[in-house]
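**Q** Chain by chain, the residues run as shown.
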Amino acid sequence: MKRFLAFVKKEIQHIFRDTRTMLILFGIPIAQILIFGYVIKNDIKDVDIAVYDQSKDEYTRQITNKLTSSGYFILNRELDNMKNIDRIFKEGEVKLVVVYENNFSKKLHAENNATVQLIADASDPNRANLITNYSGAIIHDFVKDEFHIDQLPYQINSKVRMLYNQNLASVFMFVPGTMALILMLVSAMMTSISIAREKELGTMENLLVSPLRPAQIVVGKVTPYVLLSIINAITILVLGVFVFGLPIRGSLTLLMLESVLFITLSLSLGILISTMSPNQQVAMFISLFALMLPTLLLSGFIFPIENMPKLLQWLSAIMPPKYFITILKNIMLKGTGMAFVWKETLILGGMTAVFIILSVKKFKLRLE
Amino acid sequence: MTNENIIEVENLVKKFGKFTANDRLTFQVKKGEILGFLGANGAGKTTAIKILCGISAPTSGKVSVAGFDAVKHPEKIKQNIGYMSQKFSLYDDLTIRENFRLFGGIYGLSRKSIRQRTEELLKRLELYEYRNRILEALPLGWKQKLAFSVAIMHHPQVVFLDEPTSGVDPVTRRQFWELIYEASEEGKTIFVTTHYMDEAEYCDTVSMMVAGQIRAFGEPRELKTEYGVKSVNDLFIKLARN
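If you're matching them up, the sequences are chains A and B in order. This note's numbering runs 1 ahead of the 1-based position in the first sequence. This note's numbering runs 6 ahead of the 1-based position in the second sequence.
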């Protein structure tokens with residue numbers, strides 16, 4: 002045990018002495034969570050719009066007011082003809098042009114029908130969709146309030162409530178995803194690099210010749226990273242809760258235990274990667290390409306898995322972060338307990354066992 | 007030098023698939039002896055050292071080091087040997103003292119004896135005042151001597167040195183060999199591989215490996231007479247060519 006502790010101490014000295022390692026361990030997680038939290042958003046806010054109001058009457062003004070007072074839109078400019086629309090979009094600021102037809106109020110009274118045209122910049126299709134949905138809904142609301150359509154006979158009202166995330170804040174989706182991404186990267190990449198470094202420098206030989214057992218060497222290398230990853234997980238949660246107002250509705254203990262399970266999985270994956278890489282560069286390359294890209298693309302972090310082609314859906318089924326993200330969302334947003342996440346937990350546990358068995362086998366082979 | 011055999015190897019064979027890296031090696035090394043383990047690259051030296059150190063299992067044959075069987079008790083061998091590889095193998099980002107503390111700890115020395123041995127060995131190298139320096143900036147010669155000191159820190163019975171002086175200047179090589187002699191006088195057995203044939207002349211015994219087999223084994227002077235050559239260098243060339 003004393004031998005083991007001497008080894009762990011050295012490992013901690015390596016980490017704290019290397020500013021680059023420290024930066025990757027603590028700087029990147031914080032930067033990523035803030036970047037993902039603030040920059041990548043699926044909700045809209047303060048979108049610039051332009052209005053071409055051909056009738057300039059009571060209703061059109063009210064509608065425009067309603068749009069700009071909603072918090073979603075800002076009136077960038079008023080137009081007096083249709084010709085400039087193309088140029089305005091090309092300038093890039095304005096994302097939506099609202100065009101009211103001539104005699105809007107009159108038509109509405111006389112024919113019960115008037116037209117407002119919504120022209121959106123669809124070079125970013127997702128955003129264009131969101132913008133037209135939001136503005137369409139606001140106009141619809143206006144009509145409802147103004148003419149009390151609720152009182153019409155035979156009307157079905159659908160009242161939508163977004164459960165677990167009332168305001169559809171995208172940060173709720175990004176924090177669990179970022180947590181999975183960071184834990185995976187930090188744990189797997191850092192351990193694989195640190196083991197590969199010993200191989201590259203030749204110090205691994207000295208360790209193998211020493212009375213330390215191979216298992217002690219591996220566990221010794223991993224131990225500091227377990228502690229650091231737990232600190233990272235806590236940092237991310239604290240940032241999520243206090244900066245972005247993310248709720249933790251379920252048990253914090255369960256959340257931490259699941260995180261430890263996922264960290265263990267990532268570390269064992271890191272060990273497996275290190276047994277396959279002769280040097281630090283290869284270890285880093287494999288970690289980045291085999292872990293980061295799939296985590297970003299296939300785990301349901303950014304793109305919904307349900308919309309993927311069947312083949313990619315199958316691929317995503319073997320991506321550990323997918324299950325961890327599901328667990329996180331369940332515990333944090335829905336407040337569910339073990340009864341609802343046991344299946345995912347079991348899968349993660351199974352994957353961990355497989356990685357550990359594989360890396361032990363590989364490690365022994367290498368000794369021969 | 008006593009007559010006690012510290013290394014005993016009998017019919018050692020190591021095969022990788024169809025390739026035979028070590029072909030029926032048989033030799034003994036006495037306590038306190040300096041054995042020069044010579045051979046061209048790829049002759050099978052490193053494979054043999056790995057087996058003697060207990061990190062690789064022989065295909066067949068008997069190997070005993072410091073009284074322990076290499077197949078049955080490799081972990082006991084590990085505690086009783088020191089090892090220094092051709093790649094510089096201390097940690098560059100730690101200080102001299104931290105390196106000593108680490109390996110002392112790994113070999114199970116008490117805190118007190120780690121402190122004592124560190125002081126003793128560093129004073130011998132006249133590097134005690136640099137003990138808190140990070141290794142990275144030190145000259146290669148110093149590093150090699152430090153690596154040797156770390157390897158003998160826990161008083162191993164056998165010290166394996168795999169090309170310890172490669173890339174080091176002649177003065178440092180000379181100093182390095184003084185350290186080897188001192189360790190040998192303390193009763194430590196030295197097992198050293200080298201490509202410098204002048205170094206081979208300093209050894210008590212040399213072993214010449216060619217294509218997985220030991221072709222010659224004995225005192226340098228006797229071997230030179232037997233093969234009618236002037237130096238170990240000529241002997242090496244003569245044996246390696248045939």
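I should point out that these hints are in silico values taken from the structure, not numbers from a laboratory. Some hints could be false.
To be verified - Stretches of chain B that chain A covers, calculated by requiring three or more beta carbons in the stretch to come under 8 Å of a beta carbon on chain A:
1. 79-86
2. 95-107
3. 111-122
All figures in this text were calculated on a predicted structure; none of them were measured in a lab. For glycine and all other residues, C-beta sits at the position ideal for the given N, C-alpha and C.
**Q** Has the region 79-86 of chain B got at least three residues whose CB is nearer than 8 Å to a CB belonging to chain A?
**A** holds (count 3)
**Q** Taking a Cβ-Cβ distance under 8 Å as contact, does the region 111-122 of chain B have three or more residues in contact with chain A?
**A** holds (count 4)
**Q** Just to make sure I understand the rule, a stretch counts as covered if three or more of its residues have a C-beta closer than 8 Å to a C-beta of the chain. Does the region 95-107 of chain B meet that for chain A?
**A** holds (count 8)
Of the hints listed earlier, there is not a single one the structure fails to meet.
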